[in-house]
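Novice: Here the protein sequences line up with chains A and B, keeping their order.
In terms of this note's numbering, the first sequence opens at residue 36 and continues consecutively.
In terms of this note's numbering, the second sequence opens at residue 117 and continues consecutively.
In case anyone wonders, no lab produced these hints; they're calculated from the structure.
Watch out, some of these pointers could steer you wrong.
[To be verified] Facing chain B, a subset of chain A residues (Cβ under 8 Å, in silico):
hint, residue
1, 77
2, 80
3, 83
4, 125
5, 137
6, 138
7, 139
8, 140
9, 142
10, 143
11, 144
12, 145
[What the hints assert, rightly or not] Keeping only pairs whose Cα atoms sit at most 20 Å apart, straight-line, the calculated EDC-like set for lysine to aspartate or glutamate is:
hint, chain 1, residue 1, chain 2, residue 2
13, A, 52, A, 114
14, A, 92, A, 77
15, B, 165, B, 136
16, B, 177, B, 204
17, B, 165, A, 77
18, B, 229, B, 204
19, A, 52, A, 98
20, B, 229, B, 136
21, B, 217, A, 65
22, B, 217, A, 130
23, B, 217, A, 94
24, B, 165, B, 182
25, B, 165, A, 130
26, B, 217, A, 114
27, A, 92, A, 107
28, A, 92, A, 73
29, A, 53, A, 98
30, B, 217, A, 77
31, B, 165, B, 180
32, A, 53, A, 114
[Claimed, not checked] Pairwise CB distance ranges, derived in the manner of DEER restraints:
hint, chain 1, residue 1, chain 2, residue 2, range
33, B, 199, A, 112, 38 to 44 Å
34, B, 155, A, 48, 22 to 28 Å
35, A, 117, B, 177, 37 to 43 Å
C-beta: ideal position from N, C-alpha, C; glycine also.
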Amino acid sequence: EADIYQTPRYLVIGTGKKITLECSQTMGHDKMYWYQQDPGMELHLIHYSYGVNSTEKGDLSSESTVSRIRTEHFPLTLESARPSHTSQYLCASSELGGRTGANVLTFGAGSRLTVL
Amino acid sequence: AQSVTQPDIHITVSEGASLELRCNYSYGATPYLFWYVQSPGQGLQLLLKYFSGDTLVQGIKGFEAEFKRSQSSFNLRKPSVHWSDAAEYFCAVGAAAAGNKLTFGGGTRVLVKP
Numbered sequence: 036e037a038d039i040y041q042t043p044r045y046l047v048i049g050t051g052k053k054i055t056l057e058c059s060q061t062m063g064h065d066k067m068y069w070y071q072q073d074p075g076m077e078l079h080l081i082h083y084s085y086g087v088n089s090t091e092k093g094d095l096s097s098e099s100t101v102s103r104i105r106t107e108h109f110p111l112t113l114e115s116a117r118p119s120h121t122s123q124y125l126c127a128s129s130e131l132g133g134r135t136g137a138n139v140l141t142f143g144a145g146s147r148l149t150v151l
Numbered sequence: 117a118q119s120v121t122q123p124d125i126h127i128t129v130s131e132g133a134s135l136e137l138r139c140n141y142s143y144g145a146t147p148y149l150f151w152y153v154q155s156p157g158q159g160l161q162l163l164l165k166y167f168s169g170d171t172l173v174q175g176i177k178g179f180e181a182e183f184k185r186s187q188s189s190f191n192l193r194k195p196s197v198h199w200s201d202a203a204e205y206f207c208a209v210g211a212a213a214a215g216n217k218l219t220f221g222g223g224t225r226v227l228v229k230p
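Extracted from the complex, chain A is given alone in its bound form:
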């Protein structure tokens, strides 16, 4: 049973619309991430957060923005969607630190966005 939830799972919208992809986790994890995945391609980190009020840009430049007001919630927003934003967006979370300091990511099921 999923402990990290993404909505909507599928979204088809027109160019210029504002969209927000929701991501919530019930595990109390400090770290959260957004990855972008084009069909058949690798995952690219676009945003991450180490805790409340912490957000950082990832390795792949993105026009989207994120916020982290609550530990469990990490929404991603596109102010004006374009066809180039068509992709799958995967949210993940992990615990901070641990004995080895390594992150083990738990992923949501993804939100597949199509912009016409």
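Knowing the structure of chain A, use the given hints to seat chain B on it.
Specialist: This is chain B only, laid out in the frame that chain A set:
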């Protein structure tokens, strides 16, 4: 910077046959290594991970992987494939020096023939 290469984009295997997926990484020190599986339309599920210690690690669904420092490899294996193993498999590397952010390989799509 760390990087991950999965040389095989597609692999087709018969049900019941063995499977090996290759993963090579580039990083100066010992990284943290992961294998994830993604079924169509789904997120990623962790199969197994290597942090330190025994270089042969066991995972879920009958998978195992072996860390070979001399070859900078972390290949995934399964002795007998089931039709439900058809999916996309991603190798990933993380490192403390990189803030523990994961870098993923391009993935290998596995097709299982009856």
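Novice: Each hint should be assessed against the structure and marked as holding or not.
Specialist: Evaluation of the provided hints:
no., hint, in the structure
1, 77, "holds (4 Å)"
2, 80, "holds (6 Å)"
3, 83, "holds (7 Å)"
4, 125, "holds (6 Å)"
5, 137, "holds (4 Å)"
6, 138, "holds (4 Å)"
7, 139, "holds (6 Å)"
8, 140, "holds (6 Å)"
9, 142, "holds (4 Å)"
10, 143, "holds (5 Å)"
11, 144, "holds (5 Å)"
12, 145, "holds (5 Å)"
13, 52/A - 114/A, "holds (7 Å)"
14, 92/A - 77/A, "holds (18 Å)"
15, 165/B - 136/B, "holds (16 Å)"
16, 177/B - 204/B, "holds (15 Å)"
17, 165/B - 77/A, "holds (19 Å)"
18, 229/B - 204/B, "holds (15 Å)"
19, 52/A - 98/A, "holds (14 Å)"
20, 229/B - 136/B, "holds (16 Å)"
21, 217/B - 65/A, "holds (14 Å)"
22, 217/B - 130/A, "holds (12 Å)"
23, 217/B - 94/A, "holds (10 Å)"
24, 165/B - 182/B, "holds (10 Å)"
25, 165/B - 130/A, "holds (15 Å)"
26, 217/B - 114/A, "violated (27 Å)"
27, 92/A - 107/A, "holds (19 Å)"
28, 92/A - 73/A, "holds (18 Å)"
29, 53/A - 98/A, "holds (12 Å)"
30, 217/B - 77/A, "holds (15 Å)"
31, 165/B - 180/B, "holds (10 Å)"
32, 53/A - 114/A, "holds (5 Å)"
33, 199/B - 112/A: 38 to 44 Å, "holds (40 Å)"
34, 155/B - 48/A: 22 to 28 Å, "holds (26 Å)"
35, 117/A - 177/B: 37 to 43 Å, "holds (39 Å)"
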